[in-house]
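Colleague: Listed below, chain by chain, are the residues.
Number of protein chains: 2
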Amino acid sequence: MTKAILVVLDGLGDLPDAKGYTPLSAALKPNMDRLAEEGTTGLFHSIGRGIVPGSDTSHLNIFGYEYSKYYPGRGPLEALGAKFPLKEGDIAFRANFATFDNGKITDRRAGRITTEEAKVLSKYVQKLKVGTGIDALFQNTVEHRGILILRGKKLSPLITPTDSHSTGPLPKSAPLDPKDRNAKRTAEALNKFTRMATQKLDKAKENKDKRRPANAIIARGAGTYTKVEPMQNRYGVRGACIAGGALYKGVASYVGMDVIDVKGATGTFETDLKAKGKAALQALWSHDFVFVHVKATDSFSHDGNFIEKRNIIAKVDKELIPTLLRGNCHIIITGDHSSPVKRRAHSGDPTPLLVWGPDVRPDEVKKFDEFACGGGSLGHLQGTELFQTMLNLMDKSRMCGT
Amino acid sequence: MTKAILVVLDGLGDLPDAKGYTPLSAALKPNMDRLAEEGTTGLFHSIGRGIVPGSDTSHLNIFGYEYSKYYPGRGPLEALGAKFPLKEGDIAFRANFATFDNGKITDRRAGRITTEEAKVLSKYVQKLKVGTGIDALFQNTVEHRGILILRGKKLSPLITPTDSHSTGPLPKSAPLDPKDRNAKRTAEALNKFTRMATQKLDKAKENKDKRRPANAIIARGAGTYTKVEPMQNRYGVRGACIAGGALYKGVASYVGMDVIDVKGATGTFETDLKAKGKAALQALWSHDFVFVHVKATDSFSHDGNFIEKRNIIAKVDKELIPTLLRGNCHIIITGDHSSPVKRRAHSGDPTPLLVWGPDVRPDEVKKFDEFACGGGSLGHLQGTELFQTMLNLMDKSRMCGT
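Protein sequences, first through last, are from chains L and U. Under the numbering used here, the first residue of the first sequence is numbered 98, with each subsequent residue one higher. Under the numbering used here, the first residue of the second sequence is numbered 98, with each subsequent residue one higher.
Isolated chain L, as found in the complex (with noise of 0.2 Å):
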């Protein structure tokens, strides 16, 4: 009994609400709170005290990755979440269709286009030549999502997105050193193709009589792809990835975990947990530990929704804990951050954090949240620490002199 499953519930931790409850405290969760009582708990801060930890950067420490080594940037993560045949070197982007008019960029979603719409559009800007010995290749993901790589000799990701975050002109990229030769033909490549992007989707016979034209495309999160030392080498241990959102299958994928792809797992609150937690127990078979990633919890925190927050929470309690227990291994529930829903938005608390299996010192903690875990024994973990507990659960810790 040395395997271990890991659920992450993304952005669980909250603050108090007034009358001093969060969604996980006001959670019908018997199952959860069990395996609190019969385990160990404690309070997790994937990044440090006080740090908002980002998705990408707290579940490479998750994984066991410094974030501050290990963190390629954002486009290269989404890319390897898309199943993208990254090539060292490559530069990549996270990708969106727009609708562009006048000079602006008046949607940054073009109107959400769907998925189908998207795919059609996408062959008119999949391979184009944006510069000498230079290709950009776009894939579309999920509605207007894409992203974007930049293929050739001498590119740096060190350049300013075309992608505002906002409506407005749309803007040009530019080195953000200006004496940077390399970053300036990035940069210089990345407006070519958006010059040539527009050029073609606007002609485009799809987007004809549409109000909101997919007619341009903006890129951010730029970032280069580098190989890191596969998990398995690195720790001497295989980790199977199961979740929705393709930034977390990006993530597991960067580290060399096997990303497994499950029906119906959708990273919303319709994401069926049951199928989920099957696919953990087939993994758990080949692997000695599985990650199951749910992002409903944070999602409902953006919203501002308490209710719904607490209610994927006790739905996570019936739906998936019960499958997990049959895996007959350790099992580690935590958030990868804190999203209060009155702030809606991650934050820098700490998320409660519970590890529960043979191999553990149960301590007095008999419930499963924010306020008992905080009296937990295993005190306040941070960044890699988790990942080295759970490698330390499965008895695959390795020793540090001799």
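In short, the hints are calculated from the structure, not lab data. What you were told as hints is all true, and nothing was included just to trick you.
One copy or two, it doesn't matter: identical chains are merged, so the pair holds either way.
Listed below are the simulated DSS-like cross-link pairs for lysine-lysine, each with C-alpha atoms no more than 25 Å apart in a straight line:
1) K493 x K439
2) K116 x K464
3) K439 x K100
4) K116 x K100
Following the hints, position chain U against chain L.
Modeller: Relative to the frame of chain L, chain U by itself:
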């Protein structure tokens, strides 16, 4: 309600006496106990476990500037606290008027000369030429205390002090590394200043017929002044400092906080706590957080005075905290380090910490003292983690990643 007041009771933490009490645990402090009960608690190490913090290094960390990277030495911080217009590259020292007799320093404080007497004498040594292109600038501060600046090119703070912290022969300054030319030049300039100051002060009519003439100036704490990125740029917050002691004002000024002078804030038991409280409320309008420093807790520790340390804590509870509560903001109360009365010195023990306000998760702790806070859900915070925690409390912590 996203602002904060950070109260630092200098040297607050202590060790138990024969009956098991500390000044804090013995003090009548219903307000702080209530805040502890309603808020969350822990222990704070301003530098690190077991390390004895200085007043300067601890406050750099408290303000979010890692001392290991930003500590300029005591001299520049004292000079900034005295509002001396430092220029980048200045070598600054903490200086004392002293009594010099027959080649020896016989009193390091010149009979604790008054500020008024020191002001008159300082005219003789205000600006002296002490080398090719090197000026020595002296400014008296409080009583026998003052600051000395060496201004010129190719100077270095890597020299030995002329204040040996004890009576006896007046030490000559020397470079720490005999091969270091700039340090040699600086030591020579300092020695020249010492000679010139002794000659001039010895002849001064104000020193005639004095049993303990203030006829020498001794210096220590050499450091180079370099500007640092101000807090508002680095962290996006505006901080105000309310303190009696020059050193605390100096550290605050160094990191770009606004130093607010309060009439009656003396850094002694008689300090006007109500005036400080009112000034803090006033400063809160135009700042994100206000730092309020109380020195007397540490002074009584150095005197080994348990009763008076206990009394000043009770006085803070009665006269300062109620005013601060009217600020309708988060309140943090802690120390910069422990100063056990039985040691009459700083120690490496952590200091109790409480964080109160709407965005904290209450724990089971119901009292504010060294023992109770050891069970608090904040656990142990170190170094700049307290500042990061405060930033998050104010919803001003920036995201790391995306």
